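Student: Those protein sequences? They're chains X and F, same order as listed.
Take 1 as the starting number for the first sequence in the numbering used here and just add one per residue.
Take 1001 as the starting number for the second sequence in the numbering used here and just add one per residue.
It should be emphasised that the hints constitute simulated quantities derived from the structure, not laboratory data.
Keep in mind that the hints are not guaranteed to be accurate.
If you want a taste of the chain X side facing chain F, the calculated C-beta under 7 Å gives, among others [claimed, not checked]: (1) 109; (2) 141; (3) 239; (4) 252.
The calculated label-pair distances, taken between Cβ atoms and stated as ranges, are [what the hints assert, rightly or not]: (5) 204/X <-> 1007/F: 54 to 60 Å; (6) 1103/F <-> 204/X: 34 to 40 Å; (7) 1221/F <-> 237/X: 32 to 38 Å; (8) 14/X <-> 1204/F: 51 to 57 Å; (9) 1205/F <-> 175/X: 39 to 45 Å; (10) 57/X <-> 1024/F: 37 to 43 Å; (11) 1092/F <-> 68/X: 29 to 35 Å; (12) 207/X <-> 1012/F: 57 to 63 Å; (13) 1205/F <-> 75/X: 45 to 51 Å; (14) 1007/F <-> 225/X: 45 to 51 Å; (15) 1045/F <-> 229/X: 31 to 37 Å; (16) 157/X <-> 1107/F: 35 to 41 Å; (17) 1186/F <-> 260/X: 29 to 35 Å; (18) 1029/F <-> 108/X: 57 to 63 Å.
Here are the simulated DSSO-like cross-link-like pairs (lysine-lysine), alpha carbons at most 30 Å apart as the crow flies [to be verified]: (19) 157/X <-> 1190/F; (20) 1143/F <-> 202/X; (21) 1202/F <-> 190/X; (22) 202/X <-> 1202/F; (23) 202/X <-> 1190/F; (24) 1087/F <-> 157/X; (25) 14/X <-> 87/X; (26) 1157/F <-> 87/X.
All values reported here derive from a predicted model rather than from experimental measurement.
C-beta atoms are modelled at their ideal positions from N, C-alpha and C, and glycine is treated no differently.
Each chain, written out:
2 protein chains.
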Amino acid sequence: MMNRLDSVANEKIKSAVKIAASSKARKETGLFFLEGLRLCRDSALSGTAVRYAFFTDRAYERFTQDAALICSKAREAYLVSEAVADKLSLTQTSQGFFCICEKEKSEPLSSLDSEGKYIALENIQDPSNLGAICRTAEALGIKGAILCGCCDRYSPKSQRAAMGSLLRLPVFETDDLPREIEALKKRGMKVYATSPDSSARKITEAPMDGGVVCVIGNEGNGVSESVFALCERVTIPMQGNAESLNASMAAAITMWEMMR
Amino acid sequence: MMNRLDSVANEKIKSAVKIAASSKARKETGLFFLEGLRLCRDSALSGTAVRYAFFTDRAYERFTQDAALICSKAREAYLVSEAVADKLSLTQTSQGFFCICEKEKSEPLSSLDSEGKYIALENIQDPSNLGAICRTAEALGIKGAILCGCCDRYSPKSQRAAMGSLLRLPVFETDDLPREIEALKKRGMKVYATSPDSSARKITEAPMDGGVVCVIGNEGNGVSESVFALCERVTIPMQGNAESLNASMAAAITMWEMMR
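Same shape as in the complex, but just chain X (with noise of 0.2 Å):
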């Protein structure tokens, strides 16, 4: 018999409430809020530690399968009241699935594989864009994305965009990114910075063997200067009038030229 959870004045539905909404209280509590079926479940797939399942009495009637394994994966779950479902959603048509999960340290740099290829995201700031490129970079076979200055990765918003991506594709985190990059080029990877100038070198005539990194700047100013020093510059050839490719589509052809 589960435990229910019917007043939205409980404060594990208030405090729920709160790491949804605020960057804030998922970094003080080190925890974060995911919503709806699918991520739920790949919360529970992917060996994220969930603290608290809560569900629906229709989400669990309907989805008893899943409700189960998330349950079997969390250390406490509650049924809960329409009403309470309705102060947890972020969406206008609630499924009734909702995790509040502990966030992942950071893996440190070291461990990366000098052999691989990996993403650097540098100030992205669009959570649907960090969402969506590290999707990407999932389903391309990117081996991990370090991220420095970008949005919180654990908001709804870039969780939601990375439809679990995020939950599976190993991510370092760094507030020293050129000094990263030196570390990384003394283990022989090549590291590569895009730039929408066109006298930088043609994407596709820079080597992708070995280990590489490909540096994706800030949707508005693109690479930091202090990057660019320390990095060959690739360009994706343009035609046309459109001044730039966006950051999501960038990194897209990018990581797929460094696959491909």
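We have chain X; now place chain F onto it with these hints.
Tutor: Just chain F now, kept in the frame of chain X:
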């Protein structure tokens, strides 16, 4: 001396708000709404017929040259109050530039260059995807987009995501994509349909010389069976647990391979 429209109750302003908000109003009037310095300037530069241009005094003073360019192309131009700008604006921080433009007729598919590279979008429903794909198409040098059953390319969201590309890229609309594909094949074009099915031909192995059309399908359901029946299926090889690439990422990689 420019005319002024300072009242939010003015009929032109009320009509502009409707055109911004509703696909039905855009259909009935044949007009669409653009917001922001860049899109309004792009409309003037691209030869789009500008019916009305609206500027706040601040916008006009700060960007006089751009405003004068837009005025020179607009049939009517007005200075508006900040209250009117707040009423018109769909963004949190309005730049004070607005245009009401005339939709362009779809180009007839018979005018398509049978030696060129084109993207076909079937039932793309997310305006951000539609806009981002067309932006990428223009940047990569794709000659035009064939649209069937897609969301409104004239919605403010589509136009914003396209960053002006939808004002320049040739667009061909059809409500019978299978019939058009048959006609294009008769003209000697290769027509490929993208699929997540790993048994499809790898996109890297599909000949891309001469005239080529690649079809990208709906975000959830992919390309329709009736289109698949007429096309060779091509796929972007995937790894990892991600079930698929999102439609705009798949389109970016597909167009890149067409132009590479």
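Student: Taking 51 to 57 Å as the stated bounds, is the beta-carbon spacing between residue 14/X and residue 1204/F within them?
Tutor: holds, 52 Å
Student: I want to verify a distance hint. Is the separation of the beta carbons of residue 1205/F and residue 75/X within 45 to 51 Å?
Tutor: Since residue 1205/F and residue 75/X have Cβ atoms about 49 Å apart, the given range 45 to 51 Å holds.
Student: Lying within 35 to 41 Å: is that true of the beta-carbon distance residue 157/X to residue 1107/F?
Tutor: holds, 37 Å
Student: Could you check the hint for me, namely that residue 1103/F and residue 204/X are 34 to 40 Å apart, CB to CB?
Tutor: Between residue 1103/F and residue 204/X, where Cβ atoms are some 38 Å apart, the hint holds.
Student: Would the pair residue 14/X and residue 87/X pass a check requiring their Cα atoms to be no farther apart than 30 Å?
Tutor: Roughly 9 Å separates the two Cα atoms, so the pair holds.
Student: Holds or violated: the hint that residue 239/X contacts chain F, with Cβ atoms closer than 7 Å.
Tutor: Since chain F brings a Cβ to about 3 Å from residue 239/X, closer than 7 Å, the hint holds.
Student: If I claimed the Cβ atoms of residue 1221/F and residue 237/X lie 32 to 38 Å apart, would that claim hold in this structure?
Tutor: holds, 33 Å
Student: Holds or violated: is there a CB of chain F closer than 7 Å to the CB of residue 252/X?
Tutor: holds, 4 Å
Student: May I ask you to test the hint 29 to 35 Å on the CB atoms belonging to residue 1186/F and residue 260/X?
Tutor: Once the Cβ atoms are compared, 33 Å apart, the range 29 to 35 Å for residue 260/X and residue 1186/F holds.
Student: Measure nothing beyond the straight line between the CA atoms of residue 157/X and residue 1190/F; if it is 30 Å or shorter, mark the hint as holding.
Tutor: violated, 39 Å
Student: For the pair residue 57/X and residue 1024/F, does the Cβ-Cβ distance stay inside 37 to 43 Å?
Tutor: holds, 39 Å
Student: What's the verdict on residue 1143/F and residue 202/X, does the C-alpha distance respect the 30 Å limit or exceed it?
Tutor: holds, 21 Å
Violated hints, listed in ascending order, are 1, 11, 19; each of the other numbered hints is respected by the structure.
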